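Student: Fit chain B to the known structure of chain A by using the hints.
If you read the sequences in order, they're chains A and B. Residues 6 to 477 in the numbering used here are what the first sequence spells out, letter by letter. Residues 6 to 477 in the numbering used here are what the second sequence spells out, letter by letter.
Since the hints were derived computationally from the structure, they do not count as laboratory data. The structure presented is a predicted model; accordingly, all values stated were derived computationally and were not measured. It cannot be assumed that every hint is accurate.
Computed, partial: chain A to chain B, Cβ under 8 Å [claimed, not checked]:
1. Ser18
2. Leu85
3. Ser171
4. Ile323
5. Ala395
Don't be surprised by glycine CBs; every beta carbon is placed ideally from N, CA and C.
Number of protein chains: 2
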Amino acid sequence: MNSKLKELFCPRSVAVIGASNSFDKLGYHVMKSLVEGNYQGRIFPVNPKAGEIRGITSHPSLGAIEEPVDVAVIVVPAPLVPATLDECGKKNVKGVVMITAGFREIEDSKGEALQEEIGRIARQYRLPVIGPNTFGFVNRTFGVNASFTPEFSRLKSGGIALVSQSGGFCHLCGFLAMDQRMGVSKLMSLGNRLNVGFPELLKHLIEEDEATRVITLYIEGLDNPRELLEAAKAARGGKHIIAYKSGKSEKGDSASKFHTGSLAGDYQIWRGAFRQAGILEVSSAEQMIDAAKALDVCAPLKGPRIAVLSGQAGPGMIAADGVEKAGLKLARFSAKTSEIINRLLPPIAIRSNPVDMGPAWYDAKSSFEILRASVEDENTDGVIFIAMFASANVALVKSLAEYRKGAEPFKKPVIAVFTAPRGIWEEEIAALDGAGGLSVVPTPERAGAVMGDLFAANAFRSRASVQGLNGL
Amino acid sequence: MNSKLKELFCPRSVAVIGASNSFDKLGYHVMKSLVEGNYQGRIFPVNPKAGEIRGITSHPSLGAIEEPVDVAVIVVPAPLVPATLDECGKKNVKGVVMITAGFREIEDSKGEALQEEIGRIARQYRLPVIGPNTFGFVNRTFGVNASFTPEFSRLKSGGIALVSQSGGFCHLCGFLAMDQRMGVSKLMSLGNRLNVGFPELLKHLIEEDEATRVITLYIEGLDNPRELLEAAKAARGGKHIIAYKSGKSEKGDSASKFHTGSLAGDYQIWRGAFRQAGILEVSSAEQMIDAAKALDVCAPLKGPRIAVLSGQAGPGMIAADGVEKAGLKLARFSAKTSEIINRLLPPIAIRSNPVDMGPAWYDAKSSFEILRASVEDENTDGVIFIAMFASANVALVKSLAEYRKGAEPFKKPVIAVFTAPRGIWEEEIAALDGAGGLSVVPTPERAGAVMGDLFAANAFRSRASVQGLNGL
Chain A
6 MNSKLKELFC PRSVAVIGAS NSFDKLGYHV MKSLVEGNYQ GRIFPVNPKA
56 GEIRGITSHP SLGAIEEPVD VAVIVVPAPL VPATLDECGK KNVKGVVMIT
106 AGFREIEDSK GEALQEEIGR IARQYRLPVI GPNTFGFVNR TFGVNASFTP
156 EFSRLKSGGI ALVSQSGGFC HLCGFLAMDQ RMGVSKLMSL GNRLNVGFPE
206 LLKHLIEEDE ATRVITLYIE GLDNPRELLE AAKAARGGKH IIAYKSGKSE
256 KGDSASKFHT GSLAGDYQIW RGAFRQAGIL EVSSAEQMID AAKALDVCAP
306 LKGPRIAVLS GQAGPGMIAA DGVEKAGLKL ARFSAKTSEI INRLLPPIAI
356 RSNPVDMGPA WYDAKSSFEI LRASVEDENT DGVIFIAMFA SANVALVKSL
406 AEYRKGAEPF KKPVIAVFTA PRGIWEEEIA ALDGAGGLSV VPTPERAGAV
456 MGDLFAANAF RSRASVQGLN GL
Chain B
6 MNSKLKELFC PRSVAVIGAS NSFDKLGYHV MKSLVEGNYQ GRIFPVNPKA
56 GEIRGITSHP SLGAIEEPVD VAVIVVPAPL VPATLDECGK KNVKGVVMIT
106 AGFREIEDSK GEALQEEIGR IARQYRLPVI GPNTFGFVNR TFGVNASFTP
156 EFSRLKSGGI ALVSQSGGFC HLCGFLAMDQ RMGVSKLMSL GNRLNVGFPE
206 LLKHLIEEDE ATRVITLYIE GLDNPRELLE AAKAARGGKH IIAYKSGKSE
256 KGDSASKFHT GSLAGDYQIW RGAFRQAGIL EVSSAEQMID AAKALDVCAP
306 LKGPRIAVLS GQAGPGMIAA DGVEKAGLKL ARFSAKTSEI INRLLPPIAI
356 RSNPVDMGPA WYDAKSSFEI LRASVEDENT DGVIFIAMFA SANVALVKSL
406 AEYRKGAEPF KKPVIAVFTA PRGIWEEEIA ALDGAGGLSV VPTPERAGAV
456 MGDLFAANAF RSRASVQGLN GL
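Chain A on its own, in the form it takes in the complex (with noise of 0.2 Å):
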């Protein structure tokens, strides 16, 4: 099945069985996402009825397409879906996106029967399913958009997976990321999971997906979680891996088995089967944004010793108090370090730890020295970076870009905190982020919370490979 996933995620071509002209068909934002997202490989709409979409002929049938086809994108109703897989079966496509709900997961029987005629036939032809009951995917390393949501060929492409149990969440998460810069390698949502689940999508991104660096998964609830524990294990000491739970309650739970088929389960034993594995487990979107990039970007956090140098006292000491709630410390620095920062702040500033920067605001060069000594000094393990716009430091963000051109990356995390309003900044943050080992977050907390993220996930690593020499 595996070998057949990477087909599946680079298809040469793609059919859209179900694709329509018609705004009010999901098969017309497929389509949309196809060309727009400006796929390179072959795109066949399949519609017994329409002769051209978005200007590209249409087949009456799979069958009627002469060419090879890798994916087949189904967004037909649900009781059409039976003889739609049969055709892909005897068409021989490599895998299929099942958008098309209505089975497992509603309250009437018949979906149930006809998930399992759907397995059948899958069965037979050995096909690969992403679905029923997906949004489909997204593969920006490979640039394809095979969903019904155009909009996330915007997404930054990148070192982070996202495979979740929900299409909503992969949209929540999504459009977060746009936001925050996150790169992005695959995103998708699983469905009902016919026969692809986390456990083959782990072992997909883990063994064949290179430019995956850090995987993410939301989970609602799965009828058998050991395998996924099992297929996590594999990537430990390698790519990091993130687990977003939910259904936490027993609301929640009923509520899974309703959404995607399969009970939540109780949550505490989640919790620590997740540690056992070494998944580190985060409890919101923002969390899971904002620990994803830094795994994917930055040197691992050894210790927990962290600098905190902010243009303004106010956030220095919020995201001081982030450090330390996150089990963390502040450094205190070598005195090299400190000798730095007396000479370059004067002494109406805060120069121990946070250090207060707000008075090189106009001399970005000193700010640069006090973060490159702070980052060298033996006594920290990482650096946190703090700067709000204020009008008379408009250059400063610039300027450090300018400086970070090109440079060495960071050999210690450096987690950035830039606040300004909408439209100051935005390129300059782009260009740094994600960059030369330094990852941006939006508030000095979550600064502080992410080194905490950091930490444990370089204890899973580390354990890991301790294990790896104990031959455990």
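Tutor: Showing chain B alone in chain A's frame:
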């Protein structure tokens, strides 16, 4: 002092002592704030050397201005401040905004002496002074931006006042507030609080400022916390007060000493005192904004029973988890509401609570009927309404905005989550947010959390009214 504060925040004329044409001087940015902020009063730049600043003839000294001056903004270097303040007294100004830093907050003991000296002068003339060591203030109700950050004039006008011990926090919170369409009345940093501190501001905001309905405080440390707590008690049963305390750790404590000259103090004592004074405590800038927005515009949350309606099941489950995490519970719909939901949604959707309104994407009217029924249901106390953008449902939020136009305000709090890529739904969200008893937050997790804050704030208010009846 307090009657003077009203004049200070609504000045008919402002002099900027230290106004400048040079970008490197804060006097440049203060002039920019006043002029570009479209201030309707008179502006008098004071600078012995400049002829014109932003097209306005400058005066060599405050005394050289013939017309009366209500407020003087001082941006000259610290050693010149005593003489300048004396001039302000002689000119009979109503109040002073002292942006200049270098007083009690610096390591050098000269700072302490200088602060004592200006304290004496201010007392002599009974001059209320915001600062020193402040970025200034913004009064969006009156339309004056007397700060060094012109961009604060972009803040939406509304019922929330922010009084901060840190200018940096005002910038953090102010820019987040712009993103979240928070309506602001006043925004200010008190800096070193020469003679205007939290108690004076609370008294002013509670008694003299009709535009302010919610008061938010950012506190690092105070010499006399009791005064603040006593002043806060005057608001009980009336305006809501929200506080964010930083400097919770030992390190933070010492940073506070050097930032605005006061020790932060034991955090646990603060927590208890906030509760006793009926002040809602928050632990991040984001939580502060969410809570303040909802308290400003929503009906009170009088009970714990929350309905979650979501266009996508996953985010609905996340909000449901958030509701339970906040100590509240998921409502069980009345028979009447269940009947409406079952009539409007097909059996493929989750129709209990959380409700999956996915099938109603193309039929906005059904969504609104379910929303209305949920608000009117005797078994609910508040409603969370969620929609993730997905191309096919692009019209949903626009329809909701049209449907809500001129409608009666919701009688229970409605917290909405609308997540979309930048540029999509923005106008529609702006039209909905803050109107008709509905407040928007950016994620389903934060929707659950803000319901918890609404519930706590209502409990404070109920307790206050019971105490009032008992004459306590």
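Student: Give a verdict on every hint.
Tutor: Here's how the hints hold up against the structure:
1. Because the beta carbon of Ser18/A sits about 23 Å from the nearest beta carbon in chain B, more than 8 Å, this interface hint is broken.
2. Proximity of Leu85/A to chain B is violated relative to the hint, the smallest CB-CB distance being about 16 Å (cut-off 8 Å).
3. With a cut of 8 Å, the hint placing Ser171/A at the interface with chain B holds, because the nearest CB-to-CB distance is about 3 Å.
4. Because the smallest distance between the Cβ of Ile323/A and any Cβ of chain B comes to about 5 Å, under 8 Å, the interface hint for this residue holds.
5. A cut of 8 Å between beta carbons decides the hint on Ala395/A: the least distance to chain B is about 5 Å, and the hint holds.
Of the numbered hints given earlier, the model fails hints 1 and 2; all others are met.
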